[in-house]
Amino acid sequence: MSGTKPCGTESYDQSYGVGYRVGHDDFSPYERVNRLRKTFLDREFNIDIQRARLITEVYKNNPDLSAKLKTAYSLQNILENVDIDLYDEELVVGEVAAPAKAAPVYPEFSVSWIIDELKHHPFDQRAHDKFFITDEDRDELLEILEFWEGKTVADLVDSRLTEDEKKGCELGKKVYMTNLYHFAGVGHFVMDYPELLRKGYNGYLAEVEQKLEALNPSDGEYREKRDFYEAMRIELKAACGYIKRYAELAESRAKGETNEQRKKELLQIAENCRQIAGGPALTMWQALQLWHFATTITQIESNGHSISYGRMDQWLYPYYKKDIEEGVITKEFAQELLEVAYVKTGNPSKLKDKMTVEVRSGRGWGGESLTIGGVDEDGNDAANDLTFMLLEASAHTRMMNPWVCVRMHEKTPYELKVKAVECIRAGYGHPKLFNDAPTIEVMQRKGMTLEEARNYEVVGCVEPDLPGYEYGFHDSAYMNIAKVMELALNGGKCIDCSKDCPRFAQCAGIGSHLGPDTGSLADFKNMDEVLQSFDRQMKFWTDQMCQGINVIDRAHRELKPLPFASAFFNDCIETGRDLGEGGARYNFTGPQASGIATCADTLSVISQLVFDEGRYTGEELLQAIRDNWEGHEALYALVNSSKVHHYGNDDDYADEFFKEVFNCYCRNIEGRENPRGGTFCPGVYTVNANVGLGLDLGASLDGRKSSEPLSDNMGPVHTSAASHDICGPTAISNSVTKVDHSRATNGTLLNWKFPPECVAGKAGRENLIGFIDAYFAKKAMHCQFNIMSTEMMKAAMKKPEDYKDMLVRVAGYSAYFVELGKPLQMDLINRTELSF
Amino acid sequence: MRNMAREGIIFNIQRYTIHDGPGIRTELFLKGCPLTCRWCGNPESQSQGIVPGVYTAKCIGKDKCGFCETACAEAGSLVFEENKLVSIDRKRCINCMKCADQCPADAIKQWGRKMTAEEAMEVIRRDKAYYQSSQGGVTVSGGEPLTQSEFTADLFERCQKEGIHTCLESTFCTDWSLIERVVPYADLLITDIKHMDPEAHRKHTGVSNERILENLKRLSKLGKEMIVRIPVIPGVNDDMENMRATCDFIIRDLGNRVSQLQLLSFMRLGEEKYASLGRPYPMGDVNLDRKQFNKHIQTLANYFNGRGVSCTAGTTAGEDGGMKE
Numbered sequence: 001m002s003g004t005k006p007c008g009t010e011s012y013d014q015s016y017g018v019g020y021r022v023g024h025d026d027f028s029p030y031e032r033v034n035r036l037r038k039t040f041l042d043r044e045f046n047i048d049i050q051r052a053r054l055i056t057e058v059y060k061n062n063p064d065l066s067a068k069l070k071t072a073y074s075l076q077n078i079l080e081n082v083d084i085d086l087y088d089e090e091l092v093v094g095e096v097a098a099p100a101k102a103a104p105v106y107p108e109f110s111v112s113w114i115i116d117e118l119k120h121h122p123f124d125q126r127a128h129d130k131f132f133i134t135d136e137d138r139d140e141l142l143e144i145l146e147f148w149e150g151k152t153v154a155d156l157v158d159s160r161l162t163e164d165e166k167k168g169c170e171l172g173k174k175v176y177m178t179n180l181y182h183f184a185g186v187g188h189f190v191m192d193y194p195e196l197l198r199k200g201y202n203g204y205l206a207e208v209e210q211k212l213e214a215l216n217p218s219d220g221e222y223r224e225k226r227d228f229y230e231a232m233r234i235e236l237k238a239a240c241g242y243i244k245r246y247a248e249l250a251e252s253r254a255k256g257e258t259n260e261q262r263k264k265e266l267l268q269i270a271e272n273c274r275q276i277a278g279g280p281a282l283t284m285w286q287a288l289q290l291w292h293f294a295t296t297i298t299q300i301e302s303n304g305h306s307i308s309y310g311r312m313d314q315w316l317y318p319y320y321k322k323d324i325e326e327g328v329i330t331k332e333f334a335q336e337l338l339e340v341a342y343v344k345t346g347n348p349s350k351l352k353d354k355m356t357v358e359v360r361s362g363r364g365w366g367g368e369s370l371t372i373g374g375v376d377e378d379g380n381d382a383a384n385d386l387t388f389m390l391l392e393a394s395a396h397t398r399m400m401n402p403w404v405c406v407r408m409h410e411k412t413p414y415e416l417k418v419k420a421v422e423c424i425r426a427g428y429g430h431p432k433l434f435n436d437a438p439t440i441e442v443m444q445r446k447g448m449t450l451e452e453a454r455n456y457e458v459v460g461c462v463e464p465d466l467p468g469y470e471y472g473f474h475d476s477a478y479m480n481i482a483k484v485m486e487l488a489l490n491g492g493k494c495i496d497c498s499k500d501c502p503r504f505a506q507c508a509g510i511g512s513h514l515g516p517d518t519g520s521l522a523d524f525k526n527m528d529e530v531l532q533s534f535d536r537q538m539k540f541w542t543d544q545m546c547q548g549i550n551v552i553d554r555a556h557r558e559l560k561p562l563p564f565a566s567a568f569f570n571d572c573i574e575t576g577r578d579l580g581e582g583g584a585r586y587n588f589t590g591p592q593a594s595g596i597a598t599c600a601d602t603l604s605v606i607s608q609l610v611f612d613e614g615r616y617t618g619e620e621l622l623q624a625i626r627d628n629w630e631g632h633e634a635l636y637a638l639v640n641s642s643k644v645h646h647y648g649n650d651d652d653y654a655d656e657f658f659k660e661v662f663n664c665y666c667r668n669i670e671g672r673e674n675p676r677g678g679t680f681c682p683g684v685y686t687v688n689a690n691v692g693l694g695l696d697l698g699a700s701l702d703g704r705k706s707s708e709p710l711s712d713n714m715g716p717v718h719t720s721a722a723s724h725d726i727c728g729p730t731a732i733s734n735s736v737t738k739v740d741h742s743r744a745t746n747g748t749l750l751n752w753k754f755p756p757e758c759v760a761g762k763a764g765r766e767n768l769i770g771f772i773d774a775y776f777a778k779k780a781m782h783c784q785f786n787i788m789s790t791e792m793m794k795a796a797m798k799k800p801e802d803y804k805d806m807l808v809r810v811a812g813y814s815a816y817f818v819e820l821g822k823p824l825q826m827d828l829i830n831r832t833e834l835s836f
Numbered sequence: 001m002r003n004m005a006r007e008g009i010i011f012n013i014q015r016y017t018i019h020d021g022p023g024i025r026t027e028l029f030l031k032g033c034p035l036t037c038r039w040c041g042n043p044e045s046q047s048q049g050i051v052p053g054v055y056t057a058k059c060i061g062k063d064k065c066g067f068c069e070t071a072c073a074e075a076g077s078l079v080f081e082e083n084k085l086v087s088i089d090r091k092r093c094i095n096c097m098k099c100a101d102q103c104p105a106d107a108i109k110q111w112g113r114k115m116t117a118e119e120a121m122e123v124i125r126r127d128k129a130y131y132q133s134s135q136g137g138v139t140v141s142g143g144e145p146l147t148q149s150e151f152t153a154d155l156f157e158r159c160q161k162e163g164i165h166t167c168l169e170s171t172f173c174t175d176w177s178l179i180e181r182v183v184p185y186a187d188l189l190i191t192d193i194k195h196m197d198p199e200a201h202r203k204h205t206g207v208s209n210e211r212i213l214e215n216l217k218r219l220s221k222l223g224k225e226m227i228v229r230i231p232v233i234p235g236v237n238d239d240m241e242n243m244r245a246t247c248d249f250i251i252r253d254l255g256n257r258v259s260q261l262q263l264l265s266f267m268r269l270g271e272e273k274y275a276s277l278g279r280p281y282p283m284g285d286v287n288l289d290r291k292q293f294n295k296h297i298q299t300l301a302n303y304f305n306g307r308g309v310s311c312t313a314g315t316t317a318g319e320d321g322g323m324k325e
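Residue numbers (our numbering), protein chains in the order written: chain D, 1 to 836; chain C, 1 to 325.
Treat the hints as calculated values from the structure; they're not laboratory data. Ideal Cβ positions, reconstructed from N, Cα and C, are used throughout, including at glycine. Just so you know, not all the hints are guaranteed correct.
Residues from chain D that face chain C, not an exhaustive set, calculated with beta carbons under 7 Å [claimed, not checked]:
id : residue
1  : Gly19
2  : Gly220
3  : Cys497
4  : Ala505
5  : Gly509
6  : Glu633
7  : Ala637
8  : Leu638
9  : Ser641
10 : Ser642
11 : Thr730
12 : Asn767
13 : Ala774
Derived lysine-lysine pairs resembling BS3-like cross-links, with alpha carbons at most 30 Å apart [claimed, not checked]:
id : chain 1 : residue 1 : chain 2 : residue 2
14 : C       : Lys291    : D       : Lys762
15 : D       : Lys119    : D       : Lys166
16 : C       : Lys295    : D       : Lys762
17 : D       : Lys762    : C       : Lys128
18 : D       : Lys798    : C       : Lys217
19 : D       : Lys322    : D       : Lys263
20 : D       : Lys778    : C       : Lys161
21 : C       : Lys291    : D       : Lys779
22 : D       : Lys705    : C       : Lys109
23 : C       : Lys84     : D       : Lys643
24 : D       : Lys659    : C       : Lys128
25 : D       : Lys643    : C       : Lys295
26 : C       : Lys217    : C       : Lys203
27 : D       : Lys411    : C       : Lys84
28 : C       : Lys128    : C       : Lys98
29 : C       : Lys128    : D       : Lys643
30 : D       : Lys643    : C       : Lys109
31 : C       : Lys203    : D       : Lys779
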């Protein structure tokens, strides 16, 4: 195998078609994979209450135990008693303590929204993100949840937030949203899978037991450490027992199986489970099975999302190579294994509150990033057969999961670029592309060595992360910086302030205002004053946001430690500290800015119309947005026309303001400290929060009407009147790369939308590769593509039943278009289609 | 020293074009054309003058704005219906462009602007990285670039000096002396054979084809890479007889020294622009069964290939790339 060029099971330039194709369910050459995929898509989303029942038993019966031991006994109780199942034809087994695609319940994080929605806004009545539950289960669940009222992570957070922190967040005016970790687990990490596969659970158990024995009672943190090790021991043993249950189940199914082939498979599944129920993985199949168990058990412990898979082509390769060399498997079977594992990653479903799904729809867990390609620790290209095979598996399954990410660098082989672009132009939204040069800089900025930096992978949407060493709180908040701009221009007051606001009585009603008064556009004399006001307002709100996140961080540490997950992070076992206590070697907190182009175009409008041309006064502009542009039609048309400088057109006038806003946000986040001994990292992306955040925002001077989405991620503004970028993709690319992406250490994100005919044919493919190469040569960090015509999205809105499996790239992730909320569907349609 | 401030009249610069020449390109569309093809997709390119175009749908209404009327230098030139600007009285209008300057809604578009070659280069240079990574470059099209041959030659010379690939898209319906002035600086030529019959050519494009065909013969001997296109227009030139004649000409008179023949399917591209100029759309009645017509074009492509003329349906970029002009 060595000495030959890496390749998959198909030619590197195998075409997967251009654009979404209606009515296909035969993408994989493996019939089993196509059938498993169809079964998955046809299955309903249900709510399963077993986990809630089992965890509540433990908490009720052991009120005095430490949080660590409560967590451990809970996981043990669940793993020992939850119903388990094996499904037809599958080769990799295991779920998240619920039947396939059913969502377990995590009452320890928050319950008030579940109770409220069960009673008043049933999950099966939602416009999208529906879940089903039987009446019997609903009643039992309500009873269970009652116990948790006042005891959850969310309750603790609520009790600790100050009035200023509350009014800024989701409990108030949504200047920023910290809802994800306020109401649910954190996740957003990559465990040390290679170490786990080598050591097996028993390897960790031995270390933990040794540590426990060596623990010195004179250690100031003795109790905390003892409970931590004890909890780990309980959980690791429970994990082994759980996997043994699967071995037994597979054996008993094999006994009743009449099909000889399937019988053999079931016995092999049993043997795999027996081996890894404590032992290391010996084969590729066992490695995949252990990876899947390790991931799903972590998801049973906590419902944090974006449990990502790291550099799978790297850590799985030794097993693949050995199996092929020893003739244990064929390359074709290895491919089939990857594809069944892919389909399997779609199963975990997560129940989210209606406010969260408004901002981020999708019933999957979310964030299962799988990184491939890039350089090795010496800076050489790291691509191998699996790099290609994992891309082929993606094209053969075309599902939401996993979120494949290809790392690109100067020496990425041409064949790999072709393979990636063939997948991209097949139009199912994967893979996303990351650029090594600026991302390695990001990791170094975060304090890592060059060798460590080169080993980065991507967590969730676009967060650069170090596998097995980093606890990054990557998705901790979304700040609506367009709201910050509004307050900066309007004396700290909301532009749409009215008696209808629920906060009126405690705010404007008593002569107060939401933010500090940092001046008004009616009075500013020049752009410097405008920018100063923005910076001061930004400082105030980033103060509130980061303090609020730290409150949440501490609440998780106190009430919801993660001893099981901690086992797979350096240096938790070594130091005796849980992830929540800062046990990981690197600790960060990553909140994102949303609406950066909205702010840039706002500044551009002010600068040009008020200070350069003197056509309008600041007060006139403020009045226009107070009136939601009504009665100001000419001005509304003007700010949405090509006569005003707009970001995204390679026009320095507007792009300078983009830079200004980008740097203002980063400057106000960088260097802040979190309770785990780490620092804050700014991210500049919205995922799709731009839609939800826009819903609650009055009109803005970029030409946006009240309730319209903010600009998405790093992209230009598109309002209902016009797309502000009119010079095509190279101009956008030039504009976007005028900022230093590596300063956004929690990631940046750029969506491209090309109609299929623009990337068709061999020339279309080569042009797209050339475009990406040039874009990355300008040190952009990330990009991803929708190869989708506006017509097709409109058709899918009309006849959703025909487009059930049509994936669109929403942001860091792809989602089934017909399952998205209408505002988000419209936002996707309105993004500029780069047609020429 | 040459006149550095020589100006061209350009009506559009499009970045990231992929249909007119290889790779990612910046394409400049120059104003002025000796032909008036009925199917022309850019009728605003035919005259060399700078004129306003009207997009009624974008007008927000005189009652809410009225900037254009206030600015207008020849009162009464602007024609409104129900408050909206619907057309311009072209006999009265002196093309001062004040209305277009003032319109906040992009409802009046200025067709054409003057630019020096250096100013054009400033735009072109911005995408150099993309030309390099995709083997693209610059295409000058129109209109007819050779009506501004000095500007075009100047621009191409500058491009070549900076290592940027150049492509000239021309009707070649002009004096050989003008062709000679530009062609040495063009790396690739793209041209049309719209019809083989001189009378039919005159009827549909306003000029005979004799000079064009003569120029193509001379060009084919220069050894330049040349792409020839046939805009396949239903009922105009899509009959077998014309195709056979075209094929004969390519083989016999051009010595088949054509890198590729591209058959471009008729698209109703010029309609909105004709309306903006207040002119009726000459192809107004043509509506075709797209699927059927594409099949027909594929049959024609097979015919050419069968006779040894390398031919594709559409441009090489998109599988169903549309006709550009």
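| field | Minimum beta-carbon distance criterion (7 Å), Gly19/D to chain C | value | violated, 11 Å
| field | 30 Å limit on alpha-carbon distance, applied to hinted pair Lys291/C and Lys762/D | value | Roughly 23 Å separates the two Cα atoms, so the pair holds.
| task | Mind checking the CB of Glu633/D against every CB in chain C and telling me if the closest is under 7 Å? | result | This interface hint holds because 4 Å falls under the 7 Å limit.
| message | What's the verdict on Lys119/D and Lys166/D, does the C-alpha distance respect the 30 Å limit or exceed it? | response | holds, 26 Å
| query | Given the proposed pairing of Lys322/D with Lys263/D, does the C-alpha separation stay at or below 30 Å? | reply | holds, 25 Å
| query | With 7 Å as the cut and Cβ atoms as the points, is Ala774/D at the interface with chain C? | reply | holds, 4 Å
| Does Ser641/D pass the interface hint, meaning its C-beta sits closer than 7 Å to a C-beta of chain C? | holds, 5 Å
| Restraint outcome when Gly509/D is required to lie within 7 Å of chain C by C-beta distance | This interface hint is violated because 35 Å lies over the 7 Å limit.
| message | Does Lys779/D sit within 30 Å of Lys291/C, going by the straight-line distance between their CA atoms? | response | violated, 44 Å
| Hint consistency between Lys217/C and Lys203/C [alpha-carbon to alpha-carbon, up to 30 Å] | At roughly 23 Å apart (the allowed maximum being 30 Å), Lys203/C and Lys217/C satisfy the hint.
| query | Is the hinted pair Lys798/D and Lys217/C satisfied, with a Cα-Cα distance of at most 30 Å? | reply | Since the Cα atoms of Lys798/D and Lys217/C sit roughly 54 Å apart, the hinted pair is violated (cutoff 30 Å).
| query | Minimum Cβ distance from Asn767/D to chain C below 7 Å? | reply | OK, holds: Asn767/D within 7 Å of chain C, min 5 Å.
In this structure, the hints that do not hold are numbers 1, 2, 3, 4, 5, 18, 21, 25, 27, 28 and 31, in rising order.
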